[in-house]
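Student: Listed here are the chains, written in short residue letters.
There are 4 protein chains.
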Amino acid sequence: MPSISGRHFLQIPGPTNVPDRVLRAMDFPTIDHRGPAFSALALEVLTGIKTIFKTSEPVVIYGSSGTGAWEAALVNALSPGDRVLMFETGWFGSLWREMASRLGLQVEFVPGDWRHGVDPSEVEKLLLADTEHGIRAVLVVHNETSTGVTSRIPEIRAAIDRAGHPALFMVDTISSLGSMDYRHDEWGVDVTVGGSQKGLMLPPGLGFNAVSAKAREAAQRSKFGKSYWSWEEIIAANKGGFWPYTPSTNMLYGLREAINMLQEESLDAVFARHARFAEATRRAVKAWGLELLCLEPLEYSNSLTAVLLREHDDADQLRATILENFDMSLGTGLGRLKGRVFRIGHLGDFNALMLAGTLCGVQMGLEMQSIRHGDGVSAALEHLAGTVRRNRTELASVPA
Amino acid sequence: MPSISGRHFLQIPGPTNVPDRVLRAMDFPTIDHRGPAFSALALEVLTGIKTIFKTSEPVVIYGSSGTGAWEAALVNALSPGDRVLMFETGWFGSLWREMASRLGLQVEFVPGDWRHGVDPSEVEKLLLADTEHGIRAVLVVHNETSTGVTSRIPEIRAAIDRAGHPALFMVDTISSLGSMDYRHDEWGVDVTVGGSQKGLMLPPGLGFNAVSAKAREAAQRSKFGKSYWSWEEIIAANKGGFWPYTPSTNMLYGLREAINMLQEESLDAVFARHARFAEATRRAVKAWGLELLCLEPLEYSNSLTAVLLREHDDADQLRATILENFDMSLGTGLGRLKGRVFRIGHLGDFNALMLAGTLCGVQMGLEMQSIRHGDGVSAALEHLAGTVRRNRTELASVPA
Amino acid sequence: MPSISGRHFLQIPGPTNVPDRVLRAMDFPTIDHRGPAFSALALEVLTGIKTIFKTSEPVVIYGSSGTGAWEAALVNALSPGDRVLMFETGWFGSLWREMASRLGLQVEFVPGDWRHGVDPSEVEKLLLADTEHGIRAVLVVHNETSTGVTSRIPEIRAAIDRAGHPALFMVDTISSLGSMDYRHDEWGVDVTVGGSQKGLMLPPGLGFNAVSAKAREAAQRSKFGKSYWSWEEIIAANKGGFWPYTPSTNMLYGLREAINMLQEESLDAVFARHARFAEATRRAVKAWGLELLCLEPLEYSNSLTAVLLREHDDADQLRATILENFDMSLGTGLGRLKGRVFRIGHLGDFNALMLAGTLCGVQMGLEMQSIRHGDGVSAALEHLAGTVRRNRTELASVPA
Amino acid sequence: MPSISGRHFLQIPGPTNVPDRVLRAMDFPTIDHRGPAFSALALEVLTGIKTIFKTSEPVVIYGSSGTGAWEAALVNALSPGDRVLMFETGWFGSLWREMASRLGLQVEFVPGDWRHGVDPSEVEKLLLADTEHGIRAVLVVHNETSTGVTSRIPEIRAAIDRAGHPALFMVDTISSLGSMDYRHDEWGVDVTVGGSQKGLMLPPGLGFNAVSAKAREAAQRSKFGKSYWSWEEIIAANKGGFWPYTPSTNMLYGLREAINMLQEESLDAVFARHARFAEATRRAVKAWGLELLCLEPLEYSNSLTAVLLREHDDADQLRATILENFDMSLGTGLGRLKGRVFRIGHLGDFNALMLAGTLCGVQMGLEMQSIRHGDGVSAALEHLAGTVRRNRTELASVPA
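Residue numbers (the working numbering), protein chains in the order written: chain S, 1 to 400; chain E, 1001 to 1400; chain W, 2001 to 2400; chain V, 3001 to 3400.
No lab work stands behind these hints: they were computed from the structure.
Nothing false has been slipped in among the hints.
In silico DMTMM-like pairs for lysine to aspartate or glutamate, Cα to Cα no more than 20 Å straight-line:
| hint | chain 1 | residue 1 | chain 2 | residue 2 |
| --- | --- | --- | --- | --- |
| 1 | W | Lys2223 | V | Glu3098 |
| 2 | E | Lys1223 | S | Glu98 |
| 3 | V | Lys3223 | W | Glu2098 |
| 4 | S | Lys223 | E | Glu1098 |
This is chain S alone, in the form it adopts within the complex (with noise of 0.2 Å):
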């Protein structure tokens, strides 16, 4: 094995690099969770998580994984035999349909082919079909992070609205938030499910639920026995900067620090960062002669690209030669995409010249590979120098 030295480079789409303002930030010895400076601290933190989410309603912070909050989005939300609309859009989606089941709910599984986003005409039409109003959710990845696909969050809201349908809208960001564009309030959702190892710029370990007062009052009605992921005590509690029970409060230090962090950068400017890199990074791969496996350029992730080889040439082999060789991990192709499908991640506390980096590791590993590629870095490297300006621009002609 090849001496390991300097940074690892960090590529798959979360979780991501945690900046070391953030690990130091966690660094500092718990506090009484019962106590005033504690309860300080839990309230800039609950307001300063609104301004990430884009809302003025209560966001629910869990000690648990993304999965965990996805799971408390469906047991506060709903009841055991509720039908709700999902989606096939790729692993994630599958894995959230697979756990909807498995705690009792109705799927209508609506298939895909993994290579787009949901298809707004296609929730309308649904919806139009449910003339009794029996979906009581519309469930939607808004970042696919096994494909590298989103879907038109606006867009399926107001096909939900064109249907007149009054089915809750249920929408996983944890790819996306902090990385994309997201509005819970103004783009109508009920319940923005969240993660802190993405575009937070966290380490694993919280998970979050925004909830409308729409999803909070279809809470009362709810028939599933809980008790950790139960919305209401939590807010009740967090009124006062408390929690129920025993809170994640080093993890909660991280938080703050990351919130602060990126209002200190403008999220505009943070969307704009992840839009340039990820327009860098499919340069590179249509210069390299692959395939990027989002087939529809409205969907485009900007937080992560996923790569498909051709037919005999194996991403798992590719990316364990990467990872030999040059330190750098990138995601795995997922369920189906297993050994065709690599993935980059380009989201979080990431810079030019990471991404070059991390392109040049790429493109030596094709070439290690004997895969079949051109020069990928020249063509994202032209579009960075080139884009250094208008960037500038851009964030200029934002208001603060």
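Starting from the known structure of chain S, arrange chains E, W and V on it as the hints suggest.
Tutor: Just chains E, W and V now, kept in the frame of chain S:
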């Protein structure tokens, strides 16, 4: 407010003082949770944690609080409508019962005075009366964090055995694990519930279930809808050093270091240390002329001591005075003990001079609040100074 | 050996307990010492440190120990063969004299009993006798770390002035700066020597020279060959926020944070805190029936207390017992005080309960060593509890 | 200004990227520098550092910059008025000469073109001419940080030997130690000067002198007044694991960890890694169509590469553009090279993708500054990808 300088005295009975070694171990970059470095970490931690629970069976680790681990125990091993035997040992025993009821279990709740542990003979009597074996589980809190009273787990096990009853035996060790002797296998426990933020010396954020073969077998028949908490997927993924969803990587870094520290000191030495500090604390309480909440010496907790004030003295006012003037957090009286009791945590990463400072802070607080008191500090110092040698001899005679 | 758990009590009179805020501030990546980010840091630190020395003149910061800063003071302001007046206040006063001699200065060394500070009237007398003004400098240690005795700097300044003598006035504040009142400008000091590891709450590694215009003017005539220590190159480079050689960047991160902490608490509150803890310590010593090394109450140190044992008691054995059994480091007796004296540091990032724990450790050590003693802890606690209110009132009356 | 996100690329030739392991090791509380725990630390470090200098003789560690260690070497081994031979290899060679002159040494300064190392045959000639052996020392900078040119130490040693000259041989390895092969004993060096902030991967703040018996013997006759730098007191105190004054404890924590890291990787692997990255960098420079400052391939530095721009291109403007737009620090042209040269540091805790990102940053900067250039990145990637296997084979053939 007097200026804040020096280290806060965090003398609540958890979260406890996180050692620098653990904080620094957590302050490393998050790694790929699907890669070989993670797998090596996970396998080391999953093996090591068994030595703390003293079990050869799987220990399931959740990203959650201890409350989450309570829920996990219930929804895996039981089904809605199951009858369970629970005990009013204090606030946490009552909370666990409340959770069980919310989840749809039928709880037979044995009333208690919050000053004694579970009575093994009563367990035997109740189980003998259950001739049809309708009771599915006996649930006991090993160390009631609200009262400083322990329950005698081996004697309760013996009582269940004498009754010849097949109920599962489930024990909460959240505030005893790593501080007081506990033996999952030898004591015949089916599910042991733990948390990270007490004797394990970590920040809050991890919950544990040690599970016997009998418990796993029972889980096959469980009718609870569940996903996040489900044992079997986790146990299966753990075999390769992974989790079915994103684990709390940085907490696992800390757990590895904490296990190392406990093993370096040796669990026997850790327990002897806790016993010595607890006895010194009790001697201080007696010398102050105050009352121990725990009435049965066999049931004294070595993690914390709950102190009962005289009728007209206000424990919360005392705590506030001490926090304001001496920057020390003490545990509040919970539930029916509110205002009557304060709790001194003396567990985790702790030593004789930290205890001495703690007791001095209490004594000065008593003085400032004009609560009549003798010289508890001197009594404690006498015990601490007098047991240095005995402590060593005892340790020397412990088998390696 | 008893197991090590909890925090070490570092009660030597420096290095002192480095606050977590300072350690974490230092735990950031080193930056380019010729770039704009460094320049901003340096200018902030160079401005801030002046408020600690209470000077408007330059403060030169070295990568060195305090001993290095001693040497810097001598080789900049003086020339080989120069006559200087120095005082046997204790071990450090003697060491500084030895350094001066080695460097080729002619030292008139005024003998002392290691239990008093410098006598201002003797300074006056000696300077008056020097009618030809051959003495180039008067060098005084403000706070003798080996004895816990201070010298009265303003009175010595007045003595020099009364004598009408032009000698430079050079003061070592290594163990007083940031703990006791000190005013470089107002007290007319020409060179103030400081170190990072005491009241400044940093690890060792930075030395300081605050230099008056008169000192800089004298330095123009210095005949010492020197390079690393040379003031003028550093002062010139500092104007732009740089150093002539690579500075100790991470220590400067820590210094910025330490200055912020001192300013947040306010120097007046810092000094009041040290005075209160020192008085509590002295009361403990008296109640133990032991002797303070310092014989003159006007000269008591607020940073540390040196305690003289009775003739046949062994202070180093006491220290070893306390270290072994209670994991506390105390200061040893230096030079002629070896074995007779131990020193308690009560400076830096410190609070009442840390002091209480410290004194309990000493008292238990006395007990274990069978050194006859009364109850010093109670005396200290009485003072600490009794001064909470007064302390606040005093602070309230301090002008902002 | 574009927003700052991700990690800064610190590609100056030192201070270098401090590994997280080293930063975290330094982030522990300071301990008593006169106690047994410190002694154990010091003895471990003092032994370990010898393996890095490849010496069995003492290595003196100072709290200082490398400049301080230069001064220490001079004032210990020499006396005012001594004649020494020094070489104009670049900025640092010139600075060291300036220091020597200021300290009162008589320097014979051999002029150079800043593009070659010291010529061994010239050394021989000059020493042969010194028939009376008036020259007391030959001082050489092993790796000129300002030029990226090394001097061939073993050949210079051989030249001295051929001349039969008794002069001391003193070598500055500040920017080579821990990055390029260096052997204090085998190469017959009398004083080797080092610093912490380059190949040793620490923050700045420690200086080193490895000293031969001959150098120590010479030091007995030194007439320089000195105290802080004096070898013998330090060497004597080091025997017990102590220093005569307060050492930089937390830096020593870091040094222990850095030595461990270098030994884990093995020095041979460390040197091979630096050689590989340096060669990739030189290939990039050539492919850009730019000139290496170093004219002699045998003298190429593996720590850094200095790149000479064409006459009308401005290196400082290029550096500013790169810093502003890509958050990367490069080394400036020093002295006569100002504006003509920029320097790429590729030493310390560094890997192939960090180098790739670095070179991409330079290439984009060239593009933005309209400096004519070819595709250096591709040339570097080709070398990096092509040497993975060779690198392994070479390492495998290295004796353990």
